[in-house]
Amino acid sequence: MAKKAPEIQDYQYGFHDKDVSVFRTKKGLTREIVEEISKIKDEPAWMLEFRLKALDIFNSMPMPKWGGDLDDLDFDSITYYVKPSEKQGRSWDEVPEEIKATFDKLGIPEAEQKFLAGVSAQYESEVVYHNMQEDLEKLGVLFCDMDSAVKLYPDIVKEYFATVIPPADNKFAALNSAVWSGGSFIYVPKGIKVETPLQAYFRINSENMGQFERTLIIADEDSFVHYVEGCTAPIYSTDSLHSAVVEIIIKERARCRYTTIQNWSNNVYNLVTKRAVAYADANMEWIDGNIGSKLTMKYPAVIMKGPRAKGTVLSIAVAGKGQHQDAGAKMIHLAPDCTSTIISKSISRDGGKVTYRGLAQFGRKSEGSKSNIKCDTLILDKLSTSDTIPYNEIMNDNITLEHEATVSKVSEDQLFYLRSRGLSEAEATEMIVMGFIEPFTKELPMEYAVEMNRLIKFEMEGSIG
Amino acid sequence: MTAVPHLQIKNLRAKIEEKEILKGLNLEIKGGEVHAIMGPNGTGKSTLASTLMGHPKYEVTDGEVLINGDDLLEMEVDERARAGLFLAMQYPSEISGVTNSDFLRSAINARRGEGNEISLMKFIREMDKKMNTLEMDDSFAHRYLNEGFSGGEKKRNEILQMMLLEPSICILDEIDSGLDIDALKIVANGVNEMRSADRGFLIITHYQRLLNYVKPDFVHVMMQGRIVKSGGPELAERLEAEGYDWIKEELGIEDETVNANV
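Taken in sequence, the protein lines are chains A and B. Take the first sequence: its position 292, counted from the start at 1, is 292 in UniProt numbering, and no numbers get skipped. Take the second sequence: its position 204, counted from the start at 1, is 204 in UniProt numbering, and no numbers get skipped.
Hints were generated in silico from the structure; no laboratory data involved. Incorrect hints may have been included.
[Said to hold, decoys possible] Heads up, simulated BS3-like pairs for lysine-lysine below, C-alpha to C-alpha not over 27 angstroms straight-line: (1) A/K409 <-> B/K15; (2) A/K39 <-> A/K27; (3) A/K382 <-> B/K15; (4) A/K382 <-> B/K57; (5) A/K409 <-> B/K229; (6) B/K19 <-> B/K229.
[Claimed, not checked] Label pairs and their in silico Cβ distance ranges: (7) A/K409 <-> B/G115: 43 to 49 angstroms; (8) A/I389 <-> B/S139: 37 to 43 angstroms; (9) B/R238 <-> A/D413: 35 to 41 angstroms; (10) B/E254 <-> A/D413: 31 to 37 angstroms; (11) A/S77 <-> B/M121: 54 to 60 angstroms; (12) B/T133 <-> A/T196: 54 to 60 angstroms; (13) B/D62 <-> A/K409: 57 to 63 angstroms; (14) B/S230 <-> A/K409: 39 to 45 angstroms; (15) B/G115 <-> A/K370: 49 to 55 angstroms; (16) A/K151 <-> B/G113: 54 to 60 angstroms; (17) B/S139 <-> A/K158: 52 to 58 angstroms; (18) B/K122 <-> A/I156: 53 to 59 angstroms; (19) B/I16 <-> A/K321: 53 to 59 angstroms; (20) B/E193 <-> A/K321: 29 to 35 angstroms.
Ideal placement from N, C-alpha and C gives every residue a C-beta, glycine not left out.
Chain B extracted, bound-state conformation (with noise of 0.2 angstroms):
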């Protein structure tokens, strides 16, 4: 991947069962870009996210996704991580009798493509060094994946995941709820020490408060499943300050959340 990454998201519909979530939304993220997506609960952030990464509850009904020029849309969810795509997500599953390491090696090795796998020792070495930066108990390298881990310790392992896998464009989904502050610093450790050209970032977020420590190049506030209004870091700070009243009021919405009939 030497050309810096790059997805497209243009009108983007999509419902689950018959309801409709995402109402037309547009979106451009470029390596190097951090964007952060604002909004209160059930305006469809959430969705977005795993829309982008083709859960199979979610069905698009209008729009495109592109991704370094290719159809996103098109691809199967393994597909779409193979050509750069990640999310981190807010309820991450338990899977039962499989390590992390090896779990982390398989989808590095998935990555990587036949005849390229990683060697052993380059993974562990990875994997420690890694695993450090989260602040992570060696052990957490031997249980089963996200099983009995609490909150904190699954976001922790997301981000671990994203790490290792280096994605080219991340999404984010709530990677801050239920972190304490010292967690939620360590967390954004990890995103920091990723940024680079080679890579975009989406974070879906309630709050300003992870915003403090990553700081977003791009803020959009998202209302009734599409983005209606984008600024700087400035905007993040003004809806701390003074909650999504002033938008709403400004827009003329009454109801924000996607129920609302538009």
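Chain A extracted, bound-state conformation (with noise of 0.2 angstroms):
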């Protein structure tokens, strides 16, 4: 773990490559960008009508003032679309150069070779290079970008899309609404078992630029699939959005895991909505990474419907200096027997602020539901700070709800002794926040884990006086 100086000397990820971008829409959300950004795209009319409606809501709808600061984000100083290449990447053989420059960098092919069954990379706002393999063809299993979704699947698309999340839900989701571009769609039909993670990356690679991906799953009955998505930005001056939004349908019986982890620049507001619902005997499992970011706001949600439907939130935040990461999770019981876990690990360093915020929900009919949150934070330093902040509602007497948090401190005793072994202050600390961690990395693919190792040890590096 802590055995080898980095092999990172600069930021491994504010690389940027030239900008190959063929059309871009001016700063600024006007009713004509959205209009325009839907024309691009070339989508049915009730999809225009769709972002059209949004827009007015987001007009209509008061900046959220309950979280982290929003104060310094500008909305008319914001690019809405991007276009990054004339056509979307067939084969990798299509894909632009400079684009499978930056995906090198990434290692996305590598992965692919790997294991993965399905990569759709998302460069910029539109996905350019998306290859499915035939096997998962054959299972009946869709998966594509979004623009493509609703092209292809218009019938699927319209039957869920916007049902979990209605652009009413929040400022963002109404944003998301009206100027979504990107991200993915997956319907895995019933009975059918995807065993290897399907995966997409993220990047913010202009100046500027909102990423408003928009991603639906829907886990037909008796199901499973794993969905990755890591998430990597460049480092830019000025202030960046990225909002995406996340719907995930799970039928009886179903699973469903969706891992991420986000390690935006320290300029990126990242104000994301994910939420899940569960009916009778489905399994939702949200594991779900934030790494730097200037404000994060983000609390994945399991809706559980149906009886016995089980939500879990495993969720790791880090802040460094003149970040905010206020993030959590909901977990809303609205049938009996239902069973939540949410485990909160969130480190603060430098001056960083972590805030825990998270709603436990007992509906009327959740008689015999359980749930259990733990909440442990780890203060590297006396600048940092965290706050735990759950709110609790419940209907129905006959429910368990178990709460535990924690606070603790890099302890001198500690570091003294890794020290004595011959590691440095720096290693000594990094080995500490991994094993601190490490219900969060146990979780993911190896390949995240290797990768998530390797951003926590960025993040620390520096952060020892």
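Hints are included, so try docking the two chains, each in its own frame, into the full complex.
If you want it as structure tokens, here you go:
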């Protein structure tokens, strides 16, 4: 773990290639821009209508004041759509060289060669490379970018799109609904278990460019799917906005795991709405890692609608200098005997701020449901802070709710112990931090665990005074 | 490290907060030698161990410590370790989420330096071998570092680290406390296996018991933050039989602890 000097000297993901975009909208958000986005995408009328309605909702909603500080976020200075190249690359050969070079640096082709069933990598606003293995197709699994899904599978998209997160849910869901571009669409038919994780990489690679991807996953009865989304972003000097919407529908007895590692550069506002609906005996697991960004507000949710549904959120948040991670989870128990687990691990250092904000809701019919919540925070220095803000709404007397929160510091004795065995102060701190988040990293696919360790190692560098 | 290891402690004084605990301690340890420091509670024995390793709680106010001729007190804690010093601690810390084997490999590699890392296969072989000597269950490799270990398991784990890191000066701080007789024999076995001309030992203990299994070359008695009497193994035997009172009497000491006004 702490055996080698880091392989990365510079900020590994801080590179950015020459901008190859062929089209971008003007900065700011107007009705014309929304119409233009829809036109470029050659969308059906219903989607344009949806976008315009969402725009009105966005304009009518006030900025949320209950969470992180959004005062510096200027909607007029953001480019809402950038189209990276003329057409979507169907095979690797067709992908432009410069974009390939960027992917090379991210290691995507290797990752695919290793074990991934499908790669859809989002470059700027649109998926430019997407490849799905034939056997997946044979199983009837639909996996493509969201833009294509609107045209290829209009019936399924219409049936589920915005049913879990309607535009009026919150101001940023409305914004995403108006200007969304890219993201993944997955449909897994009844009884099909997709054994290898489906994967997409997202990056922001244009200054002042928003990224508003939209992901929709439907796991039909008795199916299983694991979707993995890795995210790294270059460093830029002006503020950038990432506002995604992820909707997941898990039918009876199906299971879905959604793994995210996000490493935004520290000027990005990361305001994401992620929500799943789980029917009877269905199982939803959010594995969510948040590193970097200026402000993250993200609370993956599971609405347990059917009896014995299960929800899990396992998350880590790392906040450094000038960063605020306002993250948590929402567990909504609406049926009998549902169970939910939240494990939240937060680290603040160098003046960073972490807030755990969570909701455990038990509806009138949630007889026999259980929720277990554990929030641990590790504070690395005196400048850094943490908050735990749990909300409980309980409408049924016959439920169990356990909540445990700990805040700890890296102790002098622990550091002394590790250093007395020859580890430098930085290596010792890193080892303690890695141990702290181990419950999270052990749930990641191998290559993500490796990347995660590298990112944490990078984050920890320079944090030792 | 070709020369014979050499630790020289000269007139060492150290305090915690504003309280002086070590009050002018002198001691010299060379490769091949086993020194035992004995003494009642509160005489500064563990402070000596922690101060030598560089615990930030203790402040050295006077004196000098040289390891192989280099100024130990100028070194950071990890530099001291890499210079060959090892402290088997009385109360080792627990580190959650870090497996014993990951930790051990990192520590070995920190000692070996970049570009000279131990191969995974060699590491596993070495670790298995040493764990056998210490009669440790295989599961220890995968358990989190000291987390949920019993007192005796922690002590064995300290010796395991010592065996794998192969330091040149080993300080054992009350490694015998909390061990039953079988565990004590196993730990002593590990220490004896490591005795060589390339390695010096400083064993800190309340009791003579451990010294039945690890024969010291020199025995020192610590009182009032200093070494007040030194001798051979026979000194330990006499202490076991007669206690410390005869020394206090001989030296005219009433209160042997560091609280005494001297």
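Unsatisfied constraints (hint numbers, rising): 5, 7, 12, 13, 19, 20
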